[in-house]
Each structure stands twice: as structure tokens, then as C-alpha cells.
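Asks: Take a look at the letters that make up each chain.
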Amino acid sequence: MNGRSLHRQLLLWLLLPQVVLWLVAAFGAYRLASRHADELVDASLLQAARALARQIKPTASGFFVDLPPSAQDILAADPEDRVMYRVSSPPDQVRLGDARLPPPSQPAPLGEPVFYDATVPEPMRVVSLDLHLGAPGAVDSTLRVQVARASAPRDLLARRMLLDTALPLSILIALMSLGVWAGIRKGLKPLAELQAQMEGRRADALDPVELRAAPPEVGALAGALNELLGQVQQSLNTQRRFISDAAHQLRTPLAGLKSQTELALEAATDPALRQRLERVHESAVRSARLVSQLLVLARTDPEAVAAQEWALVDCDQLVREVAAEWVPRALAAGCDLGVDIVDAGQRVQGVELLLREALVNLIDNAVRYAGRGATITVRLRRAGDDVWMDVEDNGPGLAPELRAQAFERFVRGSALGEGCGLGLAIVREIVERHGGSAELRPAAPHGCIARLTLPPS
Amino acid sequence: MNLLLAEDDALLADALQQQLLNASFKVEWAENGAVAEYLLRKQDFDVAILDLGLPMVDGLTVLKRVREAGRTLPILVLTALDALEHRVTGLQAGADDYLTKPFDFPELEARLHALMRRGRPASQAQQLRKLTLDRAARRANIGGEPVELSPREWALLDLLVTERDHVVTKAQIVAAWGADEGGSIEVYIHRLRRKLEGSGLAVRTVRGLGYLLEATVQ
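As you go down the protein sequences, you meet chains P and V in turn.
Going by my numbering, the letters in the first sequence line up with residues 1 to 457, in that order.
Going by my numbering, the letters in the second sequence line up with residues 458 to 675, in that order.
Simulated from the structure, these hints should not be mistaken for lab results.
In this text, a Cβ means the ideal position worked out from N, Cα and C, and glycines have one as well.
Be a bit skeptical, because a hint or two may be false.
Simulated coverage check for chain V against chain P, where a stretch passes if three residues somewhere in it have a Cβ under 8 Å from a Cβ of chain P [to be verified]:
| no. | region |
| --- | --- |
| 1 | 490-497 |
| 2 | 607-613 |
| 3 | 650-657 |
Not everything, but these chain P residues come out facing chain V in the computed CB check (under 7 Å) [to be verified]:
| no. | residue |
| --- | --- |
| 4 | T252 |
| 5 | K258 |
| 6 | Q260 |
| 7 | L263 |
| 8 | A324 |
Turn these sequences into a full structure, and let the hints steer you where they fit.
Replies: Here you go:
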């Protein structure tokens, strides 16, 4: 089959957008969380910077930083949470704190805080606040207060917020996928049923599909399928009727042709003419036989078989009658035809006319191909539960590669004789309609066994 | 022997007429059902061959009407149809035998003779190769030499000659004897074989089926 299965496609198209949306949502949540964390950190940094700035008292010579132990405690609140600060005036001259803190990339107006990231040497978040130092007449009255805090705790916070949102979301996704999968399965069940019905049927079964409680879409499909099956059935019936009618129509002119050639053969004395007439006669006989076989074949179609009379068939009697009927013809062909009833009293359920036809075809084949002087035996026996009807000959036998092929239509074992190549195909059709099988086996030391295996009544 | 041939296919009718003529029948040909019915009602025939697919009046109707008119001559139905139900309908309508097209002429001839024999008492003398059977006197001779036959041997020979070239089953022999003595059949066959030596006829054993009287190759 071409393309992905419907089940897989539905699953893909339902789950793929969900996963994409989930990823987008998770990313968005992370961004939001990290912004909130940034804001929190920035606010506390600014608070610390302002607090520090408040402790700076301008003096005549410059300024004085009154950093009481309590304030220092605030700055070093958490040993894990590293905090740095720097007070400089003018902005490039460090007066207090850590000289490693870099200045902001762009100077900000007085009183406006600038937030930025720096690496000293670990990643840190820095706030820089430029203030006007109160003392008049001072050389440079700008004071810069910088406070920095390690970024690690902030990242940790953001990560935790992400985890808190992503985890429940993931569980939700998993549960939903399961639900979708189950839903698709349930929804596609009528289709699977339809598939199973179509796959399970014989090639020639044309009865309508039956679905229990199918949804309208699948019901419509099944309906369309049934309509098609009905049409095929109808055209098959037409074809069958045509073959049957044509065969009937052909019989009379063929009988005329055959009789006329027989008469001509009686009168003809010229050997060359006789030879030609014999060919015409042979061809007429073969055509007549083909027509008869076509009729039988039309009769072996399932419907035709079902319409015929089924009864308990006495195999002993069938074998004896058919063989007795064929003895004169076998003798004329130089064959010794006999019957061997190994297990008497076998019966099968079937259409006697058709079973007779099958056996006739096997004997006809044996007489035709075993050759002059051959011994042909029709043997009836029981094998387990089955009934075996064998036609065994001690002729040249059949090449192994031809044995299976011989049951196909229009395959002939030899170019000689009047065989039309339908005989064994008919035999197979007939026994299969009876729930049995037909096969060709080699006989010892040479020859062929044509075996019909039929289920017992 | 007068024979009516009712067949609409000119080619087949022409050939059949000639073949029947060669087999010493006197043939009258009817090419449609109406003519066939008229001839069958007005003339006396020993036997008739009737095609079922005749124009104007179909064969089955002809058959019914002729039987209703009280004609009892043996009629062999010839047809291109062969399904079982057609066979049954044909025989129910009063046909004595049934043959599907195409057929072998020897078979048609044999059936015609069998039909006519059935209508006549089987008391005539019969010649087969060197064997002569006088059924009225229940006597047989080979090349003029009388053959001594016990009643069972006679019944056996009579049956084999009647069914010559066809298989005679043990059940048929037992039925002809009127007593269940199947075990001794082989003994009688053996005796009969010896008595038939030099007659140009031989009794062949057909494995699992029975016996068959055939002409020996000379």
C-alpha cells in the first residue's frame, strides 16, 4: 500500500501541533519566568544601591561613607548569593568597594539606574546609579554607586519556575496523546472491520459486505463497495449466460461439420485428401469437446453449483458406472481400464453430474496421455476422514514442473490428441466447489496418479 | 426401417440423412416442428429422431402432442442443451432416449437399434462373427457346429451378446440367473471361454467391474 496508514496520519496531525504548541508555551513560560526573576533581582539591586547611596554624606573634601555593620550584613546577606559594590567619584575613581566592577556601557542621566550584566569573573547582574554629590564647588560632584549580585540564583529561580509549569504540562500532553490514540483507534474500527472482511474473502466471493453499526462515512464506503460488487456479479452472470448460450448455439453446426467430414472421409480415396479431411475432423471433434467443456465450466461457477441438486453421492456406484461407460473407449485406445474399490461404501455430499464430469475428465486424460498398452486403474479408498478417488496409469507420467501447471486453463500436456486444455481446470473447479482438492502425483515405477480428495458426507 | 429425422440445421440434417441411409434406414426429413408433427401423426415410422430446438413448433411440444395422439413409436431426442433438467423434461414428455450434440454416429446408430429392439420380442436369431444365437430355441452354434450350453451358460452368453462391447457386471449376471450365486461366476466364465474358442469372440475380464464380449483380432 502506498502512503502512511490513516491511523498514523491522524495521530501525527493531532499530536504534532500539540507538541509544537507545548514547546512554544514552555518557551514562553520560561521567558516570562525569567523576566519576572530579572525584575525581582533588579528591584532588590536598586534598593540596595539607593540604601548605599543614602549612607554617603558629602564633606568639604569629598564624601564619607557611613556603612554600619547592619548595612554590611544586608550587602552580604547570603554567602551563596555573592554581592559586590563599588562607590566611585568621579565615576572612574574608586573610592570604596570592588574595583573589578565594570562601568555601564553608556552613561545614564543622573538619578536614573542602569542595569546590565557583567562577568567578574562569574556572571553577575549589576546596577549602576549616578547621583549628584551635594557639596557645592566641588571639582566633580558626580557620585557613582554600583551594586552587583551573582546571576546564578536568578537563573536557578527561573529554572524552577519553568519546571513548575512544564512538568504538569508534560503530563497533560502525555495523557492527551493517549486519549487521542484511543479515540482514533475507536473511530477507525469500522474501517478495520471493512478491511478484514475484504481481505478474508475468496477472489470470486461477490456477496455484499456487512458492517455492524458503521458510521455514515464508512457506511457510504461499504455501500459503494456493495454496489460495485453487485455490478461485477451482474456482469459475470451476463458473461456466464453468454458463454452458455454461445456454446449451445455452436453445438449444432459443429455436429453438422463433424458428420459431414465423417461422410467425406468414407468417400475419399485419395490419401492426401483423406489426410486433410482427418485434420478437419480432428479439429471439429476438438472444438465440439471444447464447447462441451465450456458448458461444464459455466456450470461449475459457485452460483450455478449452488443452484444444482446436492445429494448424497454413492462413490462406489459412480466410479463403477463411469469406468464401465469408458471401458469400450479405453479398449479402442489400447488401454486396460479397471476399477479397484479398496474401501467400499464411501459417500460424499455433492452434485453427481459434476463429480461424474470430474472423473470422466481424469479417465479421458489417462486414456489420452498414457498411451497404447497402458493399464489404467480407478481406485476408491478412504484416507483418514477424506475420500480419495484416484485414476492411476502406468504411462510415461508428467514432468514435475507440469504437474501444478496442468490445472490451469488451456495448458496441454502434449500437442497430440483432442485435448482442449480445459479438462483439469474443470476437475479442479468441481472438486473445490465440493470442498476438496485435486492433484497429480507420480506413480511408481512410472506413470501418473490423478487424485481427487473429497470430504466425506 | 422407416425413420423420421426432425432437424432444422441443413448441414447436420444432410449429413445425418446420408449416414442413416448408409446404415440402411429409410429416412424422411422434416425441417420444422409443424412438418414433423404432421408426418408423425399421418405416417408410420419405426423410429424418430427429434431435435428439441425446432422452428415453428418446438421439439418438446411436438413430442407431447404426438404422444397425446397415441403414437407409441420410439423417439430419440437430439439437442444442443444438456443440463440435467432438460434431460428429465425430455424423458417426462415421452422421449425414449436422449443424445446431446455433437455425437458419434455409431453411438446414435446403436441407440436407434436398441430402441427398436426394445419394441420387438428378442426371439430372432442373432449372428455375431461365427456365433449364431437362436433365442427362440435357446440354441447356439459356432460355424454351424452346435454348442452345448447349460441354462446358466446360456443366460450368461445371451447377456454378453446383448451387451456386446459393453461391460456386463457381476450384479447383472446374478440378476440374469435369478439366484444369488455370485461366487461361481468365474467358473462359468471359464467354461464359456473354452466353448467360444474359434468363434471369433472372446470374453474379456474388466478389472473390478465384470466382463465384456469382444471380437478377437483375426
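Asks: So which of the earlier hints does this model not fit?
Replies: Numbers 1, 2, 3 - these are the hints that the structure violates, sorted from lowest upward.
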